[in-house]
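**Q** Sequence order for the protein chains is A and B.
Using the working numbering, the letters of the first sequence map in sequence onto residues 1 to 362.
Using the working numbering, the letters of the second sequence map in sequence onto residues 1001 to 1277.
Derived from the structure by calculation, the hints contain no laboratory data.
Keep in mind the model is a prediction, meaning the values are calculated, not measured.
Any given hint might turn out to be false.
Claimed, not checked - Here are the simulated distance ranges between beta carbons: (1) Val16(A) with Leu1071(B): 55 to 61 Å; (2) Leu1211(B) with Gly39(A): 50 to 56 Å; (3) Pro1139(B) with Lys119(A): 54 to 60 Å; (4) Leu1109(B) with Glu182(A): 53 to 59 Å; (5) Leu1211(B) with Glu57(A): 56 to 62 Å; (6) Arg129(A) with Gly1262(B): 25 to 31 Å; (7) Asn1208(B) with Glu57(A): 55 to 61 Å; (8) Asn68(A) with Pro1139(B): 44 to 50 Å; (9) Gly39(A) with Leu1132(B): 51 to 57 Å.
Claimed, not checked - In silico BS3-like pairs for lysine-lysine, Cα to Cα no more than 27 Å straight-line: (10) Lys107(A) with Lys1185(B); (11) Lys14(A) with Lys1166(B); (12) Lys249(A) with Lys217(A); (13) Lys1166(B) with Lys130(A); (14) Lys1166(B) with Lys1181(B); (15) Lys1181(B) with Lys15(A); (16) Lys74(A) with Lys1181(B); (17) Lys115(A) with Lys1067(B); (18) Lys1181(B) with Lys153(A); (19) Lys1166(B) with Lys1185(B); (20) Lys356(A) with Lys224(A); (21) Lys94(A) with Lys1101(B); (22) Lys1101(B) with Lys107(A); (23) Lys1181(B) with Lys94(A); (24) Lys130(A) with Lys107(A); (25) Lys1185(B) with Lys130(A); (26) Lys1166(B) with Lys15(A); (27) Lys320(A) with Lys345(A); (28) Lys14(A) with Lys1181(B); (29) Lys94(A) with Lys1185(B); (30) Lys355(A) with Lys345(A); (31) Lys1101(B) with Lys1166(B); (32) Lys1185(B) with Lys153(A); (33) Lys1166(B) with Lys153(A); (34) Lys1166(B) with Lys74(A); (35) Lys1181(B) with Lys130(A); (36) Lys1185(B) with Lys74(A); (37) Lys1166(B) with Lys209(A); (38) Lys115(A) with Lys1185(B).
For every residue, glycine included, the Cβ atom is placed at its ideal position computed from N, Cα and C.
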Amino acid sequence: MVNVELRNVTKRFKKVVAVNRISFKVNSGEFFVLLGPSGCGKTTTLRIIAGLEDPDEGEVLIDNVVVNDVPPNKRDVAMVFQNYALYPHMTVYKNLAFPLENMGFSKMEIDRRVKEVAKMLYIDHLLDRKPNQLSGGEQQRVALGRALVRRPKVFLMDEPLSNLDAKLRVYMRAELKRLQKELKITTIYVTHDQAEAMTMADRIAVMNKGRIMQIGKPHELYLKPANLFVAGFIGSPPTNFFDATFISKEGTYVLDAGNFKLTLEKSLGEILEKEIGSGEVVVGIRPEHIDVVKEADLNTIEGEVYVVEPLGPETVIDVKIGDYIFKVLTKGMVHYNIGERILLKFQMDKLHIFKKTGEAII
Amino acid sequence: MKKRKISIKMIIIYMILITLSIIWLLPIYVTIVSSLKSNREIYTTNVLQPPSNPTIDPWIEAWSRIKRGFLNSIIVSLPATFISVIIGSMAGYFLVRYRFKGSETVFFLIAVASFIPYQIVLIPIVRISSALHLMGTIPGLIIVYILLFTPWAALISSAFFLTIPKEIEEAALIDGASPIKIYFKIVLPIALPGLISTAIIIFMNIWNEFLIAVTLSTSPYVRTVQPEIANLRGTTTVSWNTLMAGSIIAMLPPIIIVMLLGRYFVKGLLAGSLKGI
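Produce the complete structure using the sequences and hints provided.
**A** Okay, here's the thing in structure tokens:
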């Protein structure tokens, strides 16, 4: 069992800081996901762990040993690339055998292991084919097999599912997760797809502009985002944000968004007052935490239906309130006409309130 | 079966193709026909007319006079091509894959070296060869050709190396292969069609090269086939039939090589335009 640790790692490409003083520790056997938009430094981080890039500062530890000066071929990590990087001139069998040949195994042992992995991944009927005779899904399995066959200390995966069609991607997501749990190999997985991260990860590190925004279990990131970026990145449809002024007056606490006002519960108001006194904040509410109600009440907001997106089991309604368009996620198929006026009510205990700088207060 | 429609566009295209083929094949036809005629017939009949009395005497005569040159050409061209491609491709690979300070300048210089007409450096080449006592020797010719064509090989092969995704080499590195193993087990086999194309281009250039060959081969024992063909012309009267037969014999090696390795040549030229290499 092997853990991986990064300590204050920085990587620059000329003047661009791709990875900026990041630190995290991946526990032994954990499925750890680096999640972020393109250009956030997640792939560079993975390549640093693989040894394909040298960090300018900081340390990389595998199994509690600093490996900064260990070349990739001596680190005993396996990597699955986004485009699979199969050897085009070799058959599937040769592709799978290549890492084992480099390790100096006997022909018999190589044969045994190749066939074992091929069977596990259901590619045993493809062993004589060349990569260009395989479908995308099959190529992906071979790439995975080439990584698995070595039984490496660490698995590194760089968006391995992004080239598959949507249906296969969802299927492989579950397969990969099952495989990882079965083999218990420490895995670091890079993706920009938050759904992939949420469904597969034991823990997620959300990255943006070379920095780590938050590390936590999927439900922690969802329920308690540390900042505006994480709140906006995790969840689909994304969180609705609006600017508001927090006003505390004679024991009542109000968020004034201009077009509407929200009265806060005392406990919530007191926390806000303690944190910022009064002033400007950014409020976030997830689409699934807004209810459509029939009768006006305290904190109900009237809006105009802008567009309706039925998804089958649920429906996304875009509602225009002042200058903002709020996405509202409701269960089942519901019908509204464009322009129809409806009443919304936020689940007040699910509000996320951030300072103007982006840092979460609640 | 669906009947193929013949459109006017198709007819025009085929007519252009047939005309171009005739224009291109005509000199070859004349060469072959003339090589089978006697000299008298060549002078008295139309060049396009087939031989009335085909004879292979000119072929025997030509072969007896150029066979040494022919062999010399093989002895010079094959190692010169092989070494140029090996050294040049390694340079090309290094320049494509390893960026270092000044790598762009080196690449630029190689490009310039390939594009300068070599006639410009003929006199320095002669002076250096003479100083090194390489004038009139086979190794001298081989070395000069290697010097001239290695930059070509670097330049042409680098284009093929660029088409190999970097991830494939990185995958091999992570799979535990050493850089030397990666070059010989992964890069070379993938780039092979490209390297064969490079080798064909360089071989044809060395085989057909005349100026260096005639300048450096001061002794008849080292003269290559191209200067020998020029000598076939004779000094007083031109014996066209022998000259034509000799020309065809000299054309054969490049033609055979292209026929044998042609599929690699096309594959190499198409590299990068196709997905899934």
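**Q** Determine for every hint whether it applies to the structure shown.
**A** Hint by hint, here is what the structure shows:
Roughly 60 Å separates the CB atoms of valine 16(A) and leucine 1071(B), a value that falls within the hinted 55 to 61 Å. Between leucine 1211(B) and glycine 39(A) the Cβ separation comes to about 54 Å, which falls inside the hinted range of 50 to 56 Å. Taken as a hint, the range 54 to 60 Å holds for the pair proline 1139(B) and lysine 119(A), whose Cβ atoms sit roughly 58 Å apart. For leucine 1109(B) and glutamate 182(A), the hinted distance range of 53 to 59 Å is satisfied, since their beta carbons lie about 56 Å from each other.
In this structure the supplied range 56 to 62 Å holds for leucine 1211(B) paired with glutamate 57(A), their Cβ-Cβ distance being about 58 Å. The hinted range of 25 to 31 Å is satisfied by arginine 129(A) and glycine 1262(B), whose Cβ atoms lie roughly 26 Å apart. At about 57 Å, the CB distance of asparagine 1208(B) to glutamate 57(A) agrees with the hint of 55 to 61 Å. A hinted range of 44 to 50 Å for the beta carbons of asparagine 68(A) and proline 1139(B) is consistent with their spacing of about 49 Å.
Roughly 56 Å separates the CB atoms of glycine 39(A) and leucine 1132(B), a value that falls within the hinted 51 to 57 Å. A hinted pair counts as satisfied when its Cα atoms are at most 27 Å apart, and lysine 107(A) with lysine 1185(B) qualifies at roughly 18 Å. Taking the CA atoms of lysine 14(A) and lysine 1166(B), the gap is near 20 Å; set against the 27 Å cutoff, the hint holds. Of the supplied pair hints, the one linking lysine 249(A) and lysine 217(A) is violated, its CA atoms being roughly 38 Å apart against a limit of 27 Å.
At most 27 Å may separate the alpha-carbon atoms for a hinted pair to count; lysine 1166(B) and lysine 130(A) meet this at roughly 19 Å. Under the criterion of a C-alpha separation no larger than 27 Å, the hint pairing lysine 1166(B) with lysine 1181(B) is consistent with the structure, at around 15 Å. Restraint check for lysine 1181(B) and lysine 15(A): the C-alpha separation of about 34 Å exceeds 27 Å, so the hint is violated. Proximity of lysine 74(A) to lysine 1181(B) is assessed by CA-CA distance (about 14 Å); at most 27 Å being required, the pair is judged to hold.
A threshold of 27 Å between alpha carbons decides the hint, and for lysine 115(A) with lysine 1067(B) the separation of about 57 Å lies outside it, so the pair is violated. Restraint check: the Cα-Cα separation between lysine 1181(B) and lysine 153(A) comes to about 23 Å, which is no more than 27 Å; the hinted pair holds. With a C-alpha separation of about 15 Å, the suggested pairing of lysine 1166(B) with lysine 1185(B) holds against the 27 Å cut-off. With a C-alpha separation of about 17 Å, the suggested pairing of lysine 356(A) with lysine 224(A) holds against the 27 Å cut-off.
Of the supplied pair hints, the one linking lysine 94(A) and lysine 1101(B) is violated, its CA atoms being roughly 37 Å apart against a limit of 27 Å. Taking the CA atoms of lysine 1101(B) and lysine 107(A), the gap is about 43 Å. The hint is violated against a cut of 27 Å. Under the criterion of a C-alpha separation no larger than 27 Å, the hint pairing lysine 1181(B) with lysine 94(A) is consistent with the structure, at around 15 Å. Restraint check for lysine 130(A) and lysine 107(A): the C-alpha separation of about 21 Å stays at or below 27 Å, so the hint holds.
Annotation: proposed proximity of lysine 1185(B) to lysine 130(A) holds, straight-line Cα distance about 16 Å (limit 27 Å). Proposed proximity of lysine 1166(B) and lysine 15(A) is supported: the alpha carbons are some 23 Å apart, at most 27 Å. With a C-alpha separation of about 14 Å, the suggested pair lysine 320(A) and lysine 345(A) falls inside the 27 Å cut-off, and the hint holds. As the CA atoms of lysine 14(A) and lysine 1181(B) are separated by approximately 31 Å, the hinted pair breaks the 27 Å bound.
Of the supplied pair hints, the one linking lysine 94(A) and lysine 1185(B) holds, its CA atoms being roughly 11 Å apart against a limit of 27 Å. Only pairs whose Cα atoms come within 27 Å are accepted, and lysine 355(A) paired with lysine 345(A) is accepted, the gap being roughly 23 Å. For the hint linking lysine 1101(B) to lysine 1166(B), the alpha-carbon distance of about 20 Å falls within 27 Å, and the restraint holds. This hinted pair checks out: lysine 1185(B) and lysine 153(A) have alpha carbons roughly 25 Å apart, not beyond 27 Å.
Taken as a hint, the lysine 1166(B) and lysine 153(A) pair is honoured in the structure, with Cα atoms around 24 Å apart against an allowance of 27 Å. Distance restraint check for lysine 1166(B) and lysine 74(A): the Cα-Cα separation of roughly 19 Å lies within the 27 Å cut-off, and the hinted pair is therefore satisfied. Taken as a hint, the lysine 1181(B) and lysine 130(A) pair is honoured in the structure, with Cα atoms around 21 Å apart against an allowance of 27 Å. At roughly 18 Å between alpha-carbon atoms, lysine 1185(B) and lysine 74(A) fall within 27 Å of each other, so this suggested pair holds.
Of the supplied pair hints, the one linking lysine 1166(B) and lysine 209(A) holds, its CA atoms being roughly 25 Å apart against a limit of 27 Å. Only pairs whose Cα atoms come within 27 Å are accepted, and lysine 115(A) paired with lysine 1185(B) is accepted, the gap being roughly 22 Å.
Consistency with the previously given hints fails for numbers 12, 15, 17, 21, 22, 28, ordered from lowest to highest.
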